[in-house]
Amino acid sequence: MWLHRYARLVTVFTVLLIAAGGMVTSTDAGLSVPDWPTTYGWNMFAFPLSKMVGGIRYEHAHRLIASTVGFLTIVLALWTWWVEPRAWVRRLGFACLGAVVIQGLLGGLTVILLLPPAVSIAHAGLAQLFFCLTLTLTLVTSPGWKTPAPSLGDPLLRRLAVSTTAAIYVQILLGATMRHTNAGLAIPDFPLAFGHVVPPVWNPQVAIHFAHRVGALLVTLVILATSGHVIYHHRDRRELLRPALLLVFLVCTQVTLGAFVVLSGLQPVINTAHVVNGALVLGTSLVLMLRVLRLTADATAQTVQQITHSPNLGIISGARP
Amino acid sequence: MFRICNVIAALMLPVALVACGSGSNKSSQPSSPAAAPDAKKVDTSTAGSIAGRVTIEGTVPPNPAIAMSSDPACASANKDSAQAEIFVVKDGGLENVFVYIKTGLGNKYLFDTPTASVRIEQKGCRYVPHVVGVRVSQPLEVVNDDNTLHNVHGMGQANRQFNFGQPVPGLKNTVAFTVPEVLLPIKCDVHNWMHAYVGVVDHPYFAVTADGGKFELRTVPPGTYTVEAVHERLGPQTQTVTIGSKESKEITFTFKAQ
Chain A
1448 MWLHRYARLV TVFTVLLIAA GGMVTSTDAG LSVPDWPTTY GWNMFAFPLS KMVGGIRYEH
1508 AHRLIASTVG FLTIVLALWT WWVEPRAWVR RLGFACLGAV VIQGLLGGLT VILLLPPAVS
1568 IAHAGLAQLF FCLTLTLTLV TSPGWKTPAP SLGDPLLRRL AVSTTAAIYV QILLGATMRH
1628 TNAGLAIPDF PLAFGHVVPP VWNPQVAIHF AHRVGALLVT LVILATSGHV IYHHRDRREL
1688 LRPALLLVFL VCTQVTLGAF VVLSGLQPVI NTAHVVNGAL VLGTSLVLML RVLRLTADAT
1748 AQTVQQITHS PNLGIISGAR P
Chain B
339 MFRICNVIAA LMLPVALVAC GSGSNKSSQP SSPAAAPDAK KVDTSTAGSI AGRVTIEGTV
399 PPNPAIAMSS DPACASANKD SAQAEIFVVK DGGLENVFVY IKTGLGNKYL FDTPTASVRI
459 EQKGCRYVPH VVGVRVSQPL EVVNDDNTLH NVHGMGQANR QFNFGQPVPG LKNTVAFTVP
519 EVLLPIKCDV HNWMHAYVGV VDHPYFAVTA DGGKFELRTV PPGTYTVEAV HERLGPQTQT
579 VTIGSKESKE ITFTFKAQ
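Chains A and B, in that order, give the protein sequences. Every number in the working numbering is 1447 more than the matching position in the first sequence, counting from 1. Every number in the working numbering is 338 more than the matching position in the second sequence, counting from 1.
Same shape as in the complex, but just chain A (with noise of 0.2 Å):
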């Protein structure tokens, strides 16, 4: 229990970490320090508070929360390997580490290269699927997980909610790419493109831009379909219900961020509380399906245990009558 609290904590600082890095990337700030990994060639935890100005105060922030993340992930990785007697999930404890270690490097990296659109593409990405390692070590050593529920036999629903998850996280990295190569306001109104429906002028970027916007449509349609399908055939089982409610609700929270940070002119807490929000979608999203995975594969279990129990079938499935 206590297991699952700390990783609880890690998830809830993960998600801070990805603020703090929305607020780097959005105030133009990722360059202000421009030695990694020293601060100004201080030693990180010794740089003076008094020197912490302008842009500085989020990209040393954003190290700092970074530091405290890493070293709760190392912690949170000796621990699960020292009381987790499933080894997949102490395998999972130690995914995180090598996630965050890979992360750390990756956010030196980029400032050292001076913001290669592909590397801080890569740390963006990175940071989400870090956030979804952490989430599922939460969630799998929460009781909920280990108590036995009543299997569900809807094969559909598992397709759907696995399509859902790896929509999202595509249409985060294309956001990623569209905040790494500044095309943030290559269409500068909504809900049209300059004036039309298809943007009539094209260049990478209005592209990236685009794609991002067909992305939010295409993403929001598989929400509501895998949260209606939840809502219409699985009402009654509460850990399905709720994610799937929530996706609605952040998915529209989502869309109305992403109107804004247009609107808005890029405002950095905005544009912040959309990656944030992004975040949230996926992480709800991945609730949702590994709650679907397990519950599906449990049917799958059964009928594969009644089939092969059956006298009938026993030659064919290769078991003992």
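Because the hints were derived from the structure by calculation, they are not lab data. It is possible that part of the hints are untrue.
[What the hints assert, rightly or not] Straight line, CA to CA, 25 Å or less: simulated SDA-like cross-link-like pairs of lysine to any residue: (1) A:Lys-1498 / B:Pro-400; (2) B:Lys-417 / A:Arg-1504; (3) A:Lys-1498 / B:Ser-414; (4) B:Lys-594 / B:Pro-402; (5) B:Lys-461 / A:Arg-1504; (6) B:Lys-428 / B:Ser-408; (7) B:Lys-510 / A:Met-1499; (8) A:Lys-1498 / B:Ala-422; (9) A:Lys-1498 / B:Leu-509; (10) A:Lys-1498 / B:Ala-405; (11) A:Lys-1498 / B:Ser-419; (12) A:Lys-1498 / B:Pro-507; (13) A:Lys-1498 / B:Asp-483; (14) B:Lys-510 / A:Ser-1497; (15) A:Lys-1498 / B:Lys-428; (16) B:Lys-461 / A:Asp-1482; (17) B:Lys-461 / A:Asp-1475; (18) B:Lys-428 / A:Gly-1488; (19) B:Lys-594 / A:Phe-1641; (20) A:Lys-1498 / B:Gly-508; (21) B:Lys-510 / A:Leu-1561; (22) A:Lys-1498 / B:Val-466; (23) B:Lys-510 / A:Phe-1494; (24) B:Lys-510 / A:Phe-1641.
[Said to hold, decoys possible] Chain B stretches covered by chain A per the calculated footprint, using a threshold of three residues with CB under 8 Å from any CB of chain A: (25) 409-422; (26) 574-588.
On a predicted model such as this, the values are computed, not experimentally measured, just so you know. Cβ coordinates follow ideal geometry from the N, Cα and C atoms, glycine included.
Could you slot chain B onto chain A? The hints should help.
Using the frame of chain A, we list chain B on its own:
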């Protein structure tokens, strides 16, 4: 579950590898031909000059106010309200415009590269001067005169980018550029209002407009040239000018406020 994570990781990579060129308001880059074997120094006895003015028509947009409260040292150095220096206009003349010969010199002439440094100071959390010209390979000094930290981020496209920190007053760094580039932006990411622009050329015929938009290019050899005037916001304008022996020509560039 792990299989799904693997799929997601695989999806991340190709998108991360998308790198796009970014648009800019800069001039198309001046060429830098190698000097011909029979290249010679300019004969000053036959050289002329190109002088003139850069003006602006229409309603000039006000320079946005700068909030320096994010750094007390900058705020105390600018107790009166501070404004950006995008449009510096005096008597209808537009200042801080980089004017230079873009084409026409070819590879016929040899020019000595100055060893004296061009200097940009960070004073009151501003770059002084706001626009400078420098020759290829000529040292450009950037000095911190402020009682705060600055980073100096050169965002060359033809030249290599750089970014260095100047955490204490008095620090000085020197850079040099390898190829012509007009205009090369320099900015401070700590103080996001600080921008400077460098015109990098491989000959001595350049100027930054001052005193009501005036400029002069001296000791220009006879010939026909494309002269370009580049403003950080309004972009480039060009004119063709023919200079005879010992001739002085006056030209005017007129930008329209957008």
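*Could you tell me which of the numbered hints above are not met by this structure, giving the numbers in increasing order?*
1, 6, 15, 18, 24 and 26
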